[in-house]
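Protein chains in written order, with the numbering used here: chain A, 111 to 495; chain B, 917 to 1242.
No wet-lab data here; the hints were simulated from the structure.
Careful, some of the hints might be misleading.
In the SDA-like style, the derived pairs of lysine to any residue whose C-alpha atoms are separated by at most 25 Å in a straight line are [what the hints assert, rightly or not]: (1) 1028/B x 475/A; (2) 1170/B x 1121/B; (3) 1112/B x 1059/B; (4) 1028/B x 460/A; (5) 1132/B x 961/B; (6) 1028/B x 243/A; (7) 921/B x 961/B; (8) 1098/B x 1132/B; (9) 368/A x 258/A; (10) 1028/B x 466/A; (11) 1028/B x 285/A; (12) 1026/B x 237/A.
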Amino acid sequence: MTVESTAARKPRRSSSKRASSAAAKPPQSSEPQLVQLLTPEGERVRHPDYDVELTHDELRGLYRDMVLTRRFDAEATSLQRQGELGLWASLLGQEAAQIGSGRATREDDYVFPTYREHGVAWCRGVDPTNLLGMFRGVNHGGWDPNTNNFHLYTIVIGSQTLHATGYAMGVAKDGADSAVVAYFGDGASSQGDVLESFNFAAVYNAPVVFFCQNNQWAISEPTEKQMRVPLYQRAQGFGFPGVRVDGNDVLACLAVTKEALERARRGEGPTLIEAFTYRMGAHTTSDDPSKYRNDDERVAWEAKDPILRLQRYLEAEGAADQAYFDELEAESETMGKRVREAVRAMPDPDPLAIFEHTHADGHALVDEERAQFAAYQASFAEEGN
Amino acid sequence: MAATKMPIAKAINESLRKAMENDPKVLIMGEDVGRLGGVFRVTDGLHKDFGDGRVIDTPLAESGIVGTAIGLALRGYRPVVEIQFDGFVFPAYDQIVTQLAKMHARALGKIKLPVVIRIPYGGGIGAVEHHSESPEALFAHVAGLKVVSPSNSSDAYWMMQQAIQSDDPIIFFEPKRRYWDKGDVDTDAIPSPLHKARIAREGTDLTLVAYGPMVKVCLEAAAAAQEEGKSLEVVDLRSMSPLDFDTIQSSVEKTRRLVVVHEAPVFLGTGAEIAARITERSFYHLEAPVLRVGGYHTPYPPARLEEEYLPGLDRVLDAVDRSLAY
Chain A
111 MTVESTAARK PRRSSSKRAS SAAAKPPQSS EPQLVQLLTP EGERVRHPDY
161 DVELTHDELR GLYRDMVLTR RFDAEATSLQ RQGELGLWAS LLGQEAAQIG
211 SGRATREDDY VFPTYREHGV AWCRGVDPTN LLGMFRGVNH GGWDPNTNNF
261 HLYTIVIGSQ TLHATGYAMG VAKDGADSAV VAYFGDGASS QGDVLESFNF
311 AAVYNAPVVF FCQNNQWAIS EPTEKQMRVP LYQRAQGFGF PGVRVDGNDV
361 LACLAVTKEA LERARRGEGP TLIEAFTYRM GAHTTSDDPS KYRNDDERVA
411 WEAKDPILRL QRYLEAEGAA DQAYFDELEA ESETMGKRVR EAVRAMPDPD
461 PLAIFEHTHA DGHALVDEER AQFAAYQASF AEEGN
Chain B
917 MAATKMPIAK AINESLRKAM ENDPKVLIMG EDVGRLGGVF RVTDGLHKDF
967 GDGRVIDTPL AESGIVGTAI GLALRGYRPV VEIQFDGFVF PAYDQIVTQL
1017 AKMHARALGK IKLPVVIRIP YGGGIGAVEH HSESPEALFA HVAGLKVVSP
1067 SNSSDAYWMM QQAIQSDDPI IFFEPKRRYW DKGDVDTDAI PSPLHKARIA
1117 REGTDLTLVA YGPMVKVCLE AAAAAQEEGK SLEVVDLRSM SPLDFDTIQS
1167 SVEKTRRLVV VHEAPVFLGT GAEIAARITE RSFYHLEAPV LRVGGYHTPY
1217 PPARLEEEYL PGLDRVLDAV DRSLAY
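One chain only, chain A, in its complex shape (with noise of 0.2 Å):
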């Protein structure tokens, strides 16, 4: 059975202001169909071509996964409001989306996340502290991507989904059989970069799954000033599969992603996914969602929250009881604590830290100028004594 979620079939925005513009109008083509495995009241319903056995124990980790993602989530935003970190990207909204999909993925895979995929570097296995360097101000990165197969967070957007691609190229030379997965959002669709990553991974055939989180807002701009066209809809022109499955529905993200790694694993070549989900907080922490959307819209998609639904289908299940929910809790709040604790003990760098890494066989210019740098530095110790 396929259900049709009444968010696919609603217009997000009244209907008023879409008729007042042209440019607006929503595409002709009829609103895709989800692929759901779990209604928003945590109802399992099945999907012809997409389905997921999982034991309690492992429904109970999806289900901590998400909690303490979100618990991470909602830590690191507090330390930005309370000036440790210098901005934060929330994922609110989207954990079942990162959860399911990161679940998806084997050790061998590799993962090319954008700069808001903490939930799928949680699973990966990153320290989530690794996650917050860049957001205080201490490095650029500063994990070591090759030991989670997990490469550092990219800013600029779509560009790590080339990266990926060219990656994916280099896994089907080695005859390996593992497989890549590029994150990217609904505003880089818009990116060249994302295209032309299409382009080279069906003409290669490269094991790679683009996995577009839809979460219908690039900072200020709705999906409409983005795409004329549903998203997934885009794979078939470039001569792969595209599939829009429930983002806010973890059994589902992880079933569509699972398919789509066995796919690659095959050698059949890439799939793009677009998990149709929402971010329910702001871009970063440095715009304000109320300039630019209105809370009714918030409103219909806390109904469709991701961990409350599961939440729903472990209690009807009897796959976790209160005793289950009341330790996860506490938890969570070690993790919160021990977050904070290690984002306040994050040293500034060492000053000379700006020389280092430029170049991996050393460069003369910039051998000079940390000479330079350095006795500059030393004058002022000197004057000190």
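Position chain B against the provided structure of chain A, taking the given hints into account.
Frame of chain A; chain B shown alone:
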């Protein structure tokens, strides 16, 4: 000694072949680099001998070429990509500047980006718009990149292999109007370091600094000046980033005069940096201000005017005279 005479294009071709033979991770990528062998035939024959897997004809998309090369480098490959012409590199400029140049630093040194970007550059071949530019300063200004340009066959042969062996991203500017100039290549030689300037001709009265296509013009100018009893030293820079200021400085402190020559516009170009830094380093040695000869602050002109635009023998000698007149 196994010196062979070959044109610059052939020297690069032989160098790529050697690099591919020595290291299975070396890949060639670009538009038309496969069966055609590139529009200048620099990759001629490589596709036939190394196949689709090593010599990759790409979609016509420069950002895609560089972006996927970055991904391949992250997977452990050493891609050598060709941008067909200088003026076509700009669609890839974002990937080069925001990604390729910075990724090693962003990862605190944990990953390496051994990518070489080959760009046939410069004018003098009667081409249409966007086929004759010299954008090297735009790349040299970006931290994280290294920028080099050979002026002769031997350097073309050795510098390419050194660039491929480097773990850093390198922008390799090939002087396209010199592709067919022949020179000796000693494939058994011990090459000098990639980023060291070379004294191309010794002299005592004035130093000419040039690189790539302008080295030949400066050598001709020095020969012409010799007829008039002037002894010019010619320094072939070879590398625009890093710049070998030490070699320039010692030459200038010997000759006490400096003229920098390049095809690129003079304004904020490589010559500007050399003039400023040599003035800092050697102020009391200089008998004249550092002069620059180069392109104008205009778009590269249509082909019928390029001889007026490009520094030739007369413009170089005019600058030499002005310097010597101080």
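Each hint, compared with the structure:
1. 1028/B x 475/A: holds (20 Å)
2. 1170/B x 1121/B: holds (8 Å)
3. 1112/B x 1059/B: Holds, at about 19 Å.
4. 1028/B x 460/A: Distance ~23 Å between residue 1028/B and residue 460/A Cα, so the pair holds.
5. 1132/B x 961/B: violated (29 Å)
6. 1028/B x 243/A: holds (21 Å)
7. 921/B x 961/B: Within the cut-off at roughly 19 Å; holds.
8. 1098/B x 1132/B: It holds: about 12 Å lies between the C-alpha atoms, which stays within 25 Å.
9. 368/A x 258/A: With Cα atoms ~19 Å apart, residue 368/A and residue 258/A stay inside 25 Å; holds.
10. 1028/B x 466/A: holds (14 Å)
11. 1028/B x 285/A: Roughly 22 Å separates the two Cα atoms, so the pair holds.
12. 1026/B x 237/A: holds (17 Å)
This entry does not satisfy hint 5, going by the numbered hints stated previously; all others are met.
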